[in-house]
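Participant: The hints should help you fit chain W onto chain X, whose structure is shown.
Number of protein chains: 2
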Amino acid sequence: MRSLVGDLLQLRLDAQSDGKLHKKLYNTIRHSILEGSLPPQSRLPPSRDLATELHLSRNTVLRVYEQLLAEGYIVSRTGSGTFVAQTVPDSLLSAPLSPVENAAGELSSHLSNRGQALLQRSSASPRQWGAFLPGVPDVNAFPHALFRKIQSRVSRKPQASQLSYSDAGGSQALQLALVDYLRVARSVKCSAGQILITEGIHQAIDLVSRMLCNPGDKAWIEEPAYWGIRNVLTMNGVNLEPVDVDLAGINPPDTGDGAPKLIFVTPSHQYPLGCVMSLERRQRLLALARQTGSWIVEDDYDSEFRFSGQPIPALQGLVDDAPVIYTGTFSKTLYPGLRLGYLVLPRPLMQALKTAHAELYRGGRLVDQEALALFISEGHYTAHIRRMRLLYARRRARLAGLIVAALGKEALSEFNDNAGLHLVLSLPEHCNDAVLASQANQRGILVRALSRYYSGAHPLKGLLLGFAAMEEETMESAFKVLLECIRENS
Amino acid sequence: MRSLVGDLLQLRLDAQSDGKLHKKLYNTIRHSILEGSLPPQSRLPPSRDLATELHLSRNTVLRVYEQLLAEGYIVSRTGSGTFVAQTVPDSLLSAPLSPVENAAGELSSHLSNRGQALLQRSSASPRQWGAFLPGVPDVNAFPHALFRKIQSRVSRKPQASQLSYSDAGGSQALQLALVDYLRVARSVKCSAGQILITEGIHQAIDLVSRMLCNPGDKAWIEEPAYWGIRNVLTMNGVNLEPVDVDLAGINPPDTGDGAPKLIFVTPSHQYPLGCVMSLERRQRLLALARQTGSWIVEDDYDSEFRFSGQPIPALQGLVDDAPVIYTGTFSKTLYPGLRLGYLVLPRPLMQALKTAHAELYRGGRLVDQEALALFISEGHYTAHIRRMRLLYARRRARLAGLIVAALGKEALSEFNDNAGLHLVLSLPEHCNDAVLASQANQRGILVRALSRYYSGAHPLKGLLLGFAAMEEETMESAFKVLLECIRENS
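Chains as they are written, first to last, in the numbering used here: chain X, 1 to 490; chain W, 1 to 490.
Same shape as in the complex, but just chain X (with noise of 0.2 Å):
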């Protein structure tokens, strides 16, 4: 059923004859409330409503609301929608168009639609530091000075060519190196050929995604997932196809029937809900790989902070010649503005994908690299990553401890294994745990919650919070803060 403030909506946007149609939209909505048929406090439809009753994709009345939500014409209350503005500032009325306005309208006038996508989908949090954010380890831990010395071991005599830009794949010392911990700490299987060295994960998937779909390609993505695999694939024209994931990880179907090109997993620490991929469930994913042609990329960011049981050994090593992709960063181990991650890559598409990669990038950093080769071959690496294994254990332990003794049991979400970086703290269906955590976020809590990471309906409300880079001492207070917005929201 269309409400009151749809019909009149549509019967303006009727009468404009051109323009595109959320810049219609604004303009109706703008106007209907300057002259008054729109009064205050009156309620909007949901954008979801609305997007029905006009025939509108919902993104598009989602950015009008923004706008509108920006300039003041309209207010969003937590719990009860969103409504026109008390008081709707006189200059507005009678002002002409505001630089900002101006801009605003301007703006979606150059940008290009995946750059408008982009944009209403971004997720990158403003800040990168600061209490319970996700993904982000103890900086501070790492052996700076140590490294360094290592830096100027390298850098005292550089040879020109690893001040110029790299070579297709890398550094041949670190690709030896990394065959060498990825094959013992991740039973990862390759030979140094196969190492591509990146500038993280995000490079790693643009350039997979780039090189292996057409656009209008598919791939799976784990249902949660990251948000940043989201955008990148998104931006290079590819079909996202959300999969569920439950306790034993992503879930694939049993037939090959509409196998995508590209799978892409967590399996050794599903982000961000935590669960492991069971065997059986890795076993039907290879098979279902190997039958379809579909490449599965296993996304292995942060699986060497296990803190009880056995190592969970990377998919790619699981079978001979998997048809896996594996990707993995330094940004977790070490600290993410280093700037550096690998590709193991099946040998079919190696020189390809080496080729692409200083085609499309342009290498370089190879003195950086060659440090870090030596971090790792002389011990340092895995020495560090015990050290911050044993800490991580004990913050993750004390996390758990508050929000048990603060919410009770059910608090911490059954997914949560024991590793990674970050918990889950799960909050009841009703609750919108986005103005919560945007709530938190003002007050300097950088919780991001969950239902962010969701494509579709119905995901599951919650919390994470990042333990790693917490002092015991200030992990309580700051989780009382957030306690208190927990509080005020149920």
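These are computed hints drawn from the structure, not numbers from a lab.
Take the hints with a grain of salt, since some may be wrong.
Pairs involving identical chains hold if they fit within one copy or between any two copies, as the list cannot separate such chains.
For lysine-lysine, the following PhoX-like pairs were computed, each having C-alpha atoms within a straight-line distance of at most 25 Å [stated by the list, open to error]: (1) K261 x K23; (2) K409 x K480; (3) K157 x K23; (4) K409 x K461; (5) K20 x K261; (6) K261 x K189; (7) K461 x K480.
Model, not experiment: these values are computed from the prediction.
Facilitator: Same frame as chain X, now just chain W:
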């Protein structure tokens, strides 16, 4: 501390149920070598260390090493240790199909169309350092010791936030340093907020083209142009329209009909020909862009190196609020492997493109950026450029002298301006410069064929000769080899 090799061997030793210790160890190492998990040239731990790690007597380890040595599996190098032999006969006998062989047939069925297209026009040189390689500065002349000191100062007490992911835009200190530098050196008008630090020009163009162009949108590029721009734009689905360059630079049409979304130019020093865009052309281009809503992307890659006359101010600063996206790099002024560059964004775009950068690439490396900011603000950057300008001017004169002495004045392309890091040696129209360049490359002379920089038919023929990284003595002998190649081809 246990070595990685030690870890591997321990795992495998444990897996063998019975047999004498030395036999088990022999089998384990031999098997690891044969199946490649101990690859050729990888280092084995000293016998004493391995004995300790594996809780064996040193004699057992020594005996096994001696046997493997006798059988040719490992080699011993005095003073450096024991290594897996480079060629192990057994492994060759049992090896599966070589990856190359395997790859050839299957590869195209895996790759996307855009991926195959990229590989077909792949252009990055397989070697990134050597005689006459264009586009590379003298990386040995960079004050490495000084820069290392500055880096140490910054990284002695790094703030945690400098080690995490970057905020949108990069280090503020570097943005501020660049505002000053660009104003004075390049007449660029901007505020710090307009500057976005990138990994280099490839990333800058990738970001701009994805955010501003829909697939199928049009961009003008200069004919000829840098191959990297073509690769990135084509990968992003942008349709390229080459616009011919004459001695006054790109010649834009007089009407705005069919104007593109983006116009890529190198006004200060056309790449690769070397000419400068005239003021009349600049004004026409700016007027056209204003009229049609196109954005001009000004790639100012090496304009610092101009050896006579006044420096040529950037297009960006010619008028206020120019519709220009300016991009620069430290690859030519410092060294390519540093992988840092920047965009100066027009105000309407700056927030959107910074947000998009954080979403797509996740920046970092703030410590490197802070160090570079100090390097600039303390005056070392302009001092280094001044020194290099004198050095490159000498080298350019020497190379020009060699060319004219051997091949006459007409061999120096009329496009060459007294600037930059390379010269264009003109060849007769009938000459196949690609074949010539490939023959020279095989003899270690890394010149590049001018025709390779053209999209369309009727290219000028010639060779790009980088002179910046060549000492004058080696230049002469390398040029002799090149001359032989030229004479064999004419």
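Participant: Between the shortest in-copy and the shortest cross-copy C-alpha distance, which are at most 25 Å for K409 and K461: within, between, both, or neither?
Facilitator: within (16 Å within a copy, 75 Å between copies)
Participant: My question is about K461 and K480: at a cut-off of 25 Å on alpha-carbon distance, are they close within one copy, between copies, both, or neither?
Facilitator: within (20 Å within a copy, 72 Å between copies)
Participant: Pop the pair K409 and K480 into one bin, within, between, both or neither, using alpha-carbon distances up to 25 Å.
Facilitator: within (17 Å within a copy, 79 Å between copies)
Participant: Within a copy, between copies, both or neither: where do K261 and K189 come within 25 Å Cα-Cα?
Facilitator: Within one copy, since 23 Å is at most 25 Å while 47 Å is not.
Participant: Have a look at K20 and K261 and pick one of within, between, both or neither, based on CA distance no larger than 25 Å.
Facilitator: Between copies, since 18 Å is at most 25 Å while 34 Å is not.
Participant: For the identical chains here, do K157 and K23 meet the 25 Å Cα criterion within one copy, between copies, both, or neither?
Facilitator: Classified as neither; 52 Å inside a copy, 44 Å across copies.
Participant: How do K261 and K23 come out at 25 Å by Cα distance, when the copy is not named: within, between, both, or neither?
Facilitator: between (37 Å within a copy, 21 Å between copies)
This entry does not satisfy hint 3, going by the numbered hints stated previously; all others are met.
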